[in-house]
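Undergrad: Take 1 as the starting number for the sequence shown in this note's numbering and just add one per residue.
Simulated from the structure, these hints should not be mistaken for lab results. Just so you know, even glycine gets a beta-carbon here, dropped at the ideal spot from N, CA and C. Treat the hints loosely; a few may be bogus.
[To be verified] Dumping the calculated SDA-like pairs for lysine to any residue here, alpha-carbon to alpha-carbon at most 20 Å:
{"#": "1", "residue 1": "107", "residue 2": "80"}
{"#": "2", "residue 1": "107", "residue 2": "71"}
{"#": "3", "residue 1": "41", "residue 2": "59"}
[Stated by the list, open to error] If you anchor each label on the Cβ, the simulated ranges turn out as follows:
{"#": "4", "residue 1": "104", "residue 2": "40", "range": "34 to 42 Å"}
{"#": "5", "residue 1": "16", "residue 2": "84", "range": "32 to 40 Å"}
{"#": "6", "residue 1": "73", "residue 2": "50", "range": "36 to 44 Å"}
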Amino acid sequence: MSRAVDGSRRKDHRKKILKQAKGYWGRRHSNFKTAKDAVTKGLFYAYRDRRDRKGDFRRIWIIRINAACRAEGLSYSRLVDGLAKAGVTINRKALANMAIEDSAAFKAVVTQAKAALGAQAS
């Protein structure tokens, strides 16, 4: 009986890795050993960065809110403090979107925060 040298499982596994490495530069798309390392690293980065993306967006929203509320004479931290004291619950994504698209509504929110801060001070 003849001995099986290169089984279909092994071939299928290598084919799968090389298919995932399609579009990689140089030897990384054609050589199994380097492609395996590149694909593993790429999948790890993809997994990690799907989680990091959420923090990145939060950072962007905070920067946008800060820029908009500084134009109104208030810092971001004071705005958030004022909104908490006024009992306004609005998330940062909506607030950043409001600052860009509906400046009148954002000004009303800032006014409400200022009023709450003013009432707290006296």
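Undergrad: Each of the hints needs a verdict: does it hold here or not?
TA: Going down the list of hints, with the structure as the test:
no.	hint	verdict
1	107 <-> 80	14 Å, holds
2	107 <-> 71	10 Å, holds
3	41 <-> 59	26 Å, violated
4	104 <-> 40: 34 to 42 Å	51 Å, violated
5	16 <-> 84: 32 to 40 Å	52 Å, violated
6	73 <-> 50: 36 to 44 Å	38 Å, holds
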